[in-house]
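Residue numbers (this note's numbering), protein chains in the order written: chain A, 1 to 96; chain B, 1 to 96.
Some clues are possibly wrong.
Any copy, or any two copies together, can satisfy a pair, since identical chains are not distinguished.
Said to hold, decoys possible - The list that follows gives simulated cross-link-like pairs (lysine-lysine, DSS-like), each with its CA atoms no further than 30 angstroms apart:
1. Lys27 with Lys14
2. Lys29 with Lys14
3. Lys47 with Lys14
To be clear, the hints were calculated from the coordinates, so they are not data collected in a lab.
Protein chains: 2
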Amino acid sequence: MLNRLSQKEHETNKIKAVIYGQDYQIKGKASVDHLRLVALLVDHKMKEIGETNPRLDLNRVAVLAAVNVADEYLKLRQEYEELLRLLEQAQQGETD
Amino acid sequence: MLNRLSQKEHETNKIKAVIYGQDYQIKGKASVDHLRLVALLVDHKMKEIGETNPRLDLNRVAVLAAVNVADEYLKLRQEYEELLRLLEQAQQGETD
């Protein structure tokens with residue numbers, strides 16, 4: 001059942017995106033929609049941080065955006081592992 | 001059972017961290033260990049990107065690190081949602 005969770009392999013895709021006013025080419029083995037969402041998320045975080053701290057250098061805005069996303073990523077990873085344990089318990093219950 | 005997943009509220013903590021050679025103060029309602037891990041992850045990503053692309057501007061290294069973490073975050077979120085569906089199905093099975 002857990003096999004359904006494995007990431008589907010995609011071909012390499014490329015998109016052009018504007019992040020905080022700068023042009024980037026983003027590529028990855030994920031759908032074009034996923035890559036667009038990634039760019040949008042970073043752009044959004046940078047704008048949020050830049051608006052709250054208008055005197056911050058561009059590179060510090062970018063680092064703090066990375067910190068912000070990394071914070072959410074690590075929290076989600078903890079919840080994901082917890083959920084995995086619960087699912088394994090539930091599946092063991094089924095087979096007992 | 002899902003209540004166990006809700007994030008525990010912590011007091012606001014602060015740490016000093018060096019990310020890609022620059023000093024940052026990072027604060028958040030998470031443990032000091034979590035904040036340190038966040039800083040380490042961003043530092044690691046920036047070094048990885050900076051070493052692969054030594055001519056890249058500091059701010060582009062930081063933006064690409066944010067893009068990289070956002071990519072992993074969004075993929076994990078998708079897997080998390082899938083796992084949640086599986087768990088809900090397993091729990092419905094228990095009560096049927």
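Hints, one by one, checked against the model:
1. Lys27 with Lys14: Cα proximity of Lys27 and Lys14: one copy only (4 angstroms, versus 35 angstroms across).
2. Lys29 with Lys14: within (9 angstroms within a copy, 36 angstroms between copies)
3. Lys47 with Lys14: This pair counts as both: shortest intra-copy Cα distance 23 angstroms, inter-copy 23 angstroms.
Going down the numbered hints, you'll see the structure goes against none, and every one checks out.
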